[in-house]
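Peer 1: One-letter residues, chain by chain:
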Amino acid sequence: MEFQIINKLQGIFRLFFRDNEIVLSNQTTAQDIDKWDSLIHLELISVIEHEFNLTFSLDEILTIKNVGELIQIIIHKQV
Amino acid sequence: MFRLSDRFIQNCTLFPSNNALFINEKYYTYSELLQLTHIVILSLKNENITDEKIAIYCSDDVETYVAILAVTIYGACYLPVNSKNPVHYNAEILLNSDVKTILYAGQKEIPTQLKIHKSIAVNSSYEGSPIQPKNLERFLYQEYAYLLYTSGSTGKPKGVAIKNEQIESFFNFFNLKDQFYFTDKDRFIQVFELTFDVSVFSFFMPLNIGACCYVVPQNSMRFLEIIRMIKEHSITVSIFVPTLINHIEKYLEELHLPKLKYSFFIGDKLVHSLTSRWSSAIPNAEIINFYGPTEATVMCSYYRWELNKSENESENDIVPIGKLFPSLRFEIIDANDKIIPPYQLGELCLYGDQVIQNYFKSTNKDAFIQLENKQLYYKTGDLVHVNELGNLIFYSRKDRQIKINSHRIEINEIEAILRKKITNTFCVSTFKNLKQLDELILFIETDKLNNSEIEEIIAFLRNELPDFMIPKVIQPIQSLPLNSNQKIDYNQLNQFYFSNKSI
Chain A
1 MEFQIINKLQ GIFRLFFRDN EIVLSNQTTA QDIDKWDSLI HLELISVIEH EFNLTFSLDE
61 ILTIKNVGEL IQIIIHKQV
Chain B
1001 MFRLSDRFIQ NCTLFPSNNA LFINEKYYTY SELLQLTHIV ILSLKNENIT DEKIAIYCSD
1061 DVETYVAILA VTIYGACYLP VNSKNPVHYN AEILLNSDVK TILYAGQKEI PTQLKIHKSI
1121 AVNSSYEGSP IQPKNLERFL YQEYAYLLYT SGSTGKPKGV AIKNEQIESF FNFFNLKDQF
1181 YFTDKDRFIQ VFELTFDVSV FSFFMPLNIG ACCYVVPQNS MRFLEIIRMI KEHSITVSIF
1241 VPTLINHIEK YLEELHLPKL KYSFFIGDKL VHSLTSRWSS AIPNAEIINF YGPTEATVMC
1301 SYYRWELNKS ENESENDIVP IGKLFPSLRF EIIDANDKII PPYQLGELCL YGDQVIQNYF
1361 KSTNKDAFIQ LENKQLYYKT GDLVHVNELG NLIFYSRKDR QIKINSHRIE INEIEAILRK
1421 KITNTFCVST FKNLKQLDEL ILFIETDKLN NSEIEEIIAF LRNELPDFMI PKVIQPIQSL
1481 PLNSNQKIDY NQLNQFYFSN KSI
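Top to bottom, those sequences are chains A and B. With our numbering as the guide, the letters of the first sequence map in order to residues 1 to 79. With our numbering as the guide, the letters of the second sequence map in order to residues 1001 to 1503.
Check before you lean on any hint, since a few could be wrong.
What the hints assert, rightly or not - Cut-off 25 Å, straight-line C-alpha distance, at most; resulting in silico cross-link-like pairs (DSS-like, lysine-lysine):
id: 1; chain 1: A; residue 1: Lys-35; chain 2: B; residue 2: Lys-1403
id: 2; chain 1: B; residue 1: Lys-1231; chain 2: A; residue 2: Lys-65
id: 3; chain 1: A; residue 1: Lys-65; chain 2: B; residue 2: Lys-1026
id: 4; chain 1: B; residue 1: Lys-1118; chain 2: B; residue 2: Lys-1045
id: 5; chain 1: B; residue 1: Lys-1403; chain 2: A; residue 2: Lys-65
id: 6; chain 1: A; residue 1: Lys-77; chain 2: B; residue 2: Lys-1250
id: 7; chain 1: B; residue 1: Lys-1108; chain 2: B; residue 2: Lys-1026
Said to hold, decoys possible - Here are some of the chain B residues that sit facing chain A, going by a computed Cβ distance under 7 Å:
id: 8; residue: Met-1221
id: 9; residue: Arg-1222
id: 10; residue: Leu-1224
id: 11; residue: Arg-1228
id: 12; residue: His-1247
id: 13; residue: Tyr-1251
id: 14; residue: Glu-1254
Hints were generated in silico from the structure; no laboratory data involved. Ideal Cβ positions, reconstructed from N, Cα and C, are used throughout, including at glycine.
Let the hints inform the model, and build the full structure from the sequences given.
Peer 2: In structure tokens form, the structure reads like this:
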């Protein structure tokens, strides 16, 4: 499940940042991707919410530190 | 003679074990901060520094804050230089300011071009017996407290040097009886780059009262970090730009920050309807809208926001900027530089203890005007009028100066730099993004632009200007639309951009 989610996220990220060379891992953070700032982050969260058909609370958004933590929240919400 | 750090030194005696600074997940007490500062002061003394101004290569670390304290205690004027800005841009500032000494965090590299006459490393460790605050004598008695550079329309940043008595007058406003109830238990948040003058308030105000300053990292997630830190550290006094609540608008109803006592805004237009939603998240806080150009020392007017009163007073949903601090005077002038009644729309001119009378090393007096009372006023470029309750209402800028994330930008400065690179006719304009915030756009007269041409322009700009001054969009256009006066028609340009975008 984790593998499927990271693959889907990678597709979303590549489309969103218009960069086909993005490769996500659990450790990927905003520092690793050019242009990924807090404003872009909120837009990206909206896209992810739409694609996975779920919503994140502000507290969840504030605590996400890397892609791994994002995946764990998605898994938790899909169970 | 006043020093920015005078109260800090007193508070090192009164509250030595209080936390003074929280940065990079670590606390520093007043006593610890004093020890670190003392080491830098000794370095300055050993190097026999007698300069009027000392530059500080600013990054996100305790050493930078220690360097600022050290320079102010030493009695010199500090010039913050943002390590994130292009080297070329910083070198120009150092050259213009005539500084001979630069302080930088010991563990960081400083570009060779910025290694001026003396470069002194600052470290965040100390040994030996603690210094007593009373032993911290002043070495210099320089006139200025700090020197900042703002965007200039001629293509070069212009210097604003603030005198010790001007910053003293500014802080006096916050010491007025019954104005604010700050205590040594307060926790302030510092969100600004140190090259932005509101940081002087966010850093020194808590130190003036024995309270703690929490520094938000200047990383890409800054806006979210601000909210996270206010929650996590029960911040009691916040000051940031109104755009922050614009960005987190979708989540405002989820927020609950009961520990916040004061929520200060500055740097841009405050939208009443959004403020009203923000106020529900901060039930115990007073909201104050501040206004002030750098030339008038951080801030010079204030407005206490109240739901019903402000709803009636806001114009176009924009909250008033209120009344001037008691030590300042204003006039409103028309396009012919004649004083007009305050209820009429015109340019705001400021005079008083906090207002500069000239730009640093500049003889150009275009931004200043002698009015009928013979005093020299600073022309803010802001179009305002006064409402029935005597509050100033901001309407718009009269020139091409804009604000992006509170950074003051002269579009002419960007165009002047671009002239070195682009030979075709071009212009820089703005458009509103989805959140109704201004973004920069560069139009170039050409049939087509390929990716490598666009990347070349961006690479050039990155070398010349700070990030916030680089256009987000570069758009080819057959010919720039002109109005009947043969000037560029910015309304038509905007329409062109949006119609082109939708195709």
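Peer 1: A separate judgement is required for each hint: does it hold in the structure or not?
Peer 2: These are the hints, each one checked on the structure:
1. A:Lys-35 - B:Lys-1403: 20 Å, holds
2. B:Lys-1231 - A:Lys-65: 16 Å, holds
3. A:Lys-65 - B:Lys-1026: The hint holds at about 19 Å.
4. B:Lys-1118 - B:Lys-1045: Holds: B:Lys-1118 and B:Lys-1045 sit about 13 Å apart, inside 25 Å.
5. B:Lys-1403 - A:Lys-65: Since the Cα atoms of B:Lys-1403 and A:Lys-65 sit roughly 30 Å apart, the hinted pair is violated (cutoff 25 Å).
6. A:Lys-77 - B:Lys-1250: 20 Å, holds
7. B:Lys-1108 - B:Lys-1026: Holds, at about 19 Å.
8. Met-1221: 5 Å, holds
9. Arg-1222: 6 Å, holds
10. Leu-1224: 4 Å, holds
11. Arg-1228: 4 Å, holds
12. His-1247: 6 Å, holds
13. Tyr-1251: For B:Tyr-1251, the interface hint holds, since the closest Cβ of chain A sits about 4 Å away, which is under 7 Å.
14. Glu-1254: 4 Å, holds
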